[in-house]
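Combine both chains into one complex, guided by the hints.
First to last, the protein sequences are chains L and A.
The first sequence maps to residues 1 to 200 in our numbering.
The second sequence maps to residues 201 to 343 in our numbering.
Bear in mind the hints are in silico, worked out from the structure with no lab data behind them.
Please read all numbers here as calculations on a predicted model, not as lab measurements.
One should not assume that every hint holds.
Stated by the list, open to error - Covered stretches of chain L, as calculated for chain A (at least 3 residues, CB under 8 Å):
| # | region |
| --- | --- |
| 1 | 97-104 |
| 2 | 138-146 |
Unchecked claim - Computed list of chain A residues with no C-beta within reach of chain L, every gap over 10 Å:
| # | residue |
| --- | --- |
| 3 | Gly227 |
| 4 | Phe232 |
| 5 | Ile247 |
| 6 | Leu288 |
| 7 | Trp289 |
| 8 | Leu293 |
| 9 | Gly311 |
| 10 | Phe312 |
| 11 | Ile319 |
| 12 | Leu336 |
| 13 | Asp342 |
Said to hold, decoys possible - Now the in silico label distances, taken between C-beta atoms and shown as ranges:
| # | chain 1 | residue 1 | chain 2 | residue 2 | range |
| --- | --- | --- | --- | --- | --- |
| 14 | L | Leu92 | A | Trp253 | 49 to 57 Å |
| 15 | A | Arg307 | L | Ser89 | 29 to 37 Å |
| 16 | A | Arg307 | L | Pro159 | 53 to 61 Å |
| 17 | A | Leu308 | L | Leu92 | 29 to 37 Å |
Positions of the beta carbon are idealized from the N, C-alpha and C atoms, including for glycine.
The primary structure of each chain is shown beneath.
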Amino acid sequence: MPLFTDFGVGGPVGLLDWYTVSMAAFAVVALAAHGATYLTLKTEGPVHDRSARCARRLWGAAALVFAVISVESRLVRPDLFSQAVHRPSCWLGFVVVAISIVTLASGLVSGRELRAFVGSNGCLGGLLAIFGAAMYPEMLHSTLAPENSLTAPGCASGPGVVFAAVWWPFGLVLAIVYFIFISRRYAGKVSVQRDNQGFY
Amino acid sequence: MITIWFSIVGFMLVTYALLDGRNFGAGMVHWFVARTPLERRQVIAAIGPLWSWHEVWLLGFGGTLVAVFPPLMASAFSGLYLALMMILWCLILRGVSLEVGGHIGDRLWQGFWDFVFVISSFLLAILFGAAAGNLLRGVPNDA
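Just chain A, with the same shape it has in the complex (with noise of 0.2 Å):
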């Protein structure tokens, strides 16, 4: 029973990983891809529908630990705090450019939410690459 729970926390996590990881890469490659407005938009509206379905996966990774798996959720959230709030906000941060970035028509905010976009991509990349090096390396637990 405790293999099928690892297997199906697994699931979730690749499944957010595949979804939302060619997301972060759209957003990091957006500048090199994309050197027009027009152009940039058309990159934002290739992932813009469906980001915010592929987060369910996630959300749907962390219930599921909390009710199956809580000492490691305990631990994770404990030691890893710093970077789970950095994730939470470059999340927030590329949500909100998403979202936010095509209600105005104006190049300096366009600009300004693409800028936000690649960086939080890039962040998110970074953050999500030594989460999983930290998660093969191990972790500092004492108890």
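Pulled out of the complex, with its shape left as it was, chain L reads as follows (with noise of 0.2 Å):
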């Protein structure tokens, strides 16, 4: 797949067109903004401050951003918008980012960190479970023919859902056990001199 074509979003497209770099230009933006969220969180001092306001405008950004993706996805893919408002695990996912972007609005201008970063989780967390859930069951659409696109019963392969089945559970019990452990480890307002790493 070449990086760009004609910039078009049917046919043969490549990676970057108006559509996927608009798609970029959301995460950049809603990335940036979750980010300096959690350095309000973890930090404190001039950068605590700083990161708060950058956060404030960062949010405001990401919703324009957000409301030009909307449409612009209608436009591209108008079957996704039909199927998640057909979904009760979409609405689900409609009501985590509505009760998120209250808890976000609320935290920044309250100025309760904690409750920022929970709301900005939710809110990023619960539009990907709506793409997730739109999505499904086609895993690859293919802009060349409807027929050739992915979808999860047609590449689900019978040993290896057999294989990941034994694996995956440990794995996951090992994740969530490591994730709680670290979590405390570092838990609270980091600074230089406090970091017991030492190089970071």
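So this is what it looks like as structure tokens:
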């Protein structure tokens, strides 16, 4: 697949076109806002104050860019919107996003850092979950012909599913245990003086 | 069963995006929120001990995709080879900048790795955003 072709969204597309570039712009703004919200939670002093200001501005910008990519997505894949409206799992995602937006906004305005960060995670996680639920069962849509699209039932591997069912639960337990351990180990605000690994 | 595995794969990808997404974000705002070398070390200390385990979710996502949906992985790797290689290089450069930058207390050394950290974080956000766009828009799959 080339880097770009004619910057159109149909037929033999490349990696970059007007739609994917818009999505990349949204990712930059939304993730920068998410990161600034996280830094507000983890830092103190001037870095904390600048991060809080940065987070407020970036979330405002993310809302604007999101409005643009929503319209663009409606033009590029109108079928996804009709699927999202008719699926209960997508509505659950909409509820999560709505609650998260309120949580994020109230956290940013009142200076409650943890609340803002929880809202930030819920907002981005909810949006991604809506996209996934709306796409199912399609996993890779074909711009050349709909029948060439890869679907979950069409590309599932029988032996692979059995193999993954054996190792995946162990892996998940390990990942969650490590998540809890490291979250507690490095909880709270950081400062270079207190950093116990020394070289960061 | 397939729906459950689709949900599991999606869960791992969303978890990775949220956890490592905050590191990309911290990297992108690094120069705006931290103005002195000490403040820059503070930003890196906020994500330094955590970034590597966040990538466990990306590995888990890839591993599950290989096992459960191999044709999808084959199509994605062959079709999106260029983008995946760029993502891999940016992940490597970001990891090196985080781990190596603080070892020598020299302003030029730390400034260089801070630059690599910011640029690789920007590129990763752009590449993952473009990947999400490709997933939604579709790819020219002809078979």
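Right, here's what the structure says about each hint:
For the region 97-104 of chain L, the stated coverage by chain A is violated: 0 residues have a C-beta nearer than 8 Å to a C-beta of that chain, whereas at least 3 were required. Only residues whose beta carbon comes within less than 8 Å of a beta carbon in chain A count, and the region 138-146 of chain L has 7; three or more means the coverage holds. For Gly227(A), the shortest C-beta to C-beta distance to chain L comes to about 7 Å, within the 10 Å cut-off, and the non-interface label is violated. Not every Cβ of chain L is farther than 10 Å from the Cβ of Phe232(A); the closest lies at roughly 6 Å, contradicting the non-interface assignment.
Not every C-beta of chain L lies more than 10 Å from that of Ile247(A), the closest at about 8 Å, which undercuts listing it as non-interface. Distance check for Leu288(A) against chain L: the nearest CB is about 15 Å away, which clears 10 Å, and the non-interface claim stands. With a least CB separation of 15 Å from chain L, Trp289(A) remains clear of the 10 Å interface cut-off, as annotated. Distance check on Leu293(A): its Cβ is at least 17 Å (rounded) from any Cβ of chain L, clearing the 10 Å threshold; non-interface status holds.
With 10 Å as the threshold on Cβ separation, the claim that Gly311(A) sits away from chain L holds: the shortest Cβ distance comes to roughly 16 Å. Every CB of chain L is more than 10 Å from the CB of Phe312(A) (nearest about 16 Å), matching its label as outside the interface. For Ile319(A), the shortest C-beta to C-beta distance to chain L comes to about 13 Å, beyond the 10 Å cut-off, and the non-interface label holds. Chain L draws Leu336(A) into its interface by the beta-carbon criterion, the shortest separation being 6 Å against a cut-off of 10 Å.
Look at Asp342(A): its CB is around 5 Å from the nearest CB on chain L, not clear of 10 Å, so calling it non-interface is violated. For the hinted restraint 49 to 57 Å between Leu92(L) and Trp253(A), the CB-CB distance of approximately 28 Å leaves it violated. At about 52 Å, the CB distance of Arg307(A) to Ser89(L) disagrees with the hint of 29 to 37 Å. In this structure the supplied range 53 to 61 Å holds for Arg307(A) paired with Pro159(L), their Cβ-Cβ distance being about 56 Å.
Under the hint 29 to 37 Å, the C-beta atoms of Leu308(A) and Leu92(L), about 52 Å apart, miss the expected range.
When the structure is compared with the earlier hints, violations turn up for hints 1, 3, 4, 5, 12, 13, 14, 15 and 17 and for no others.
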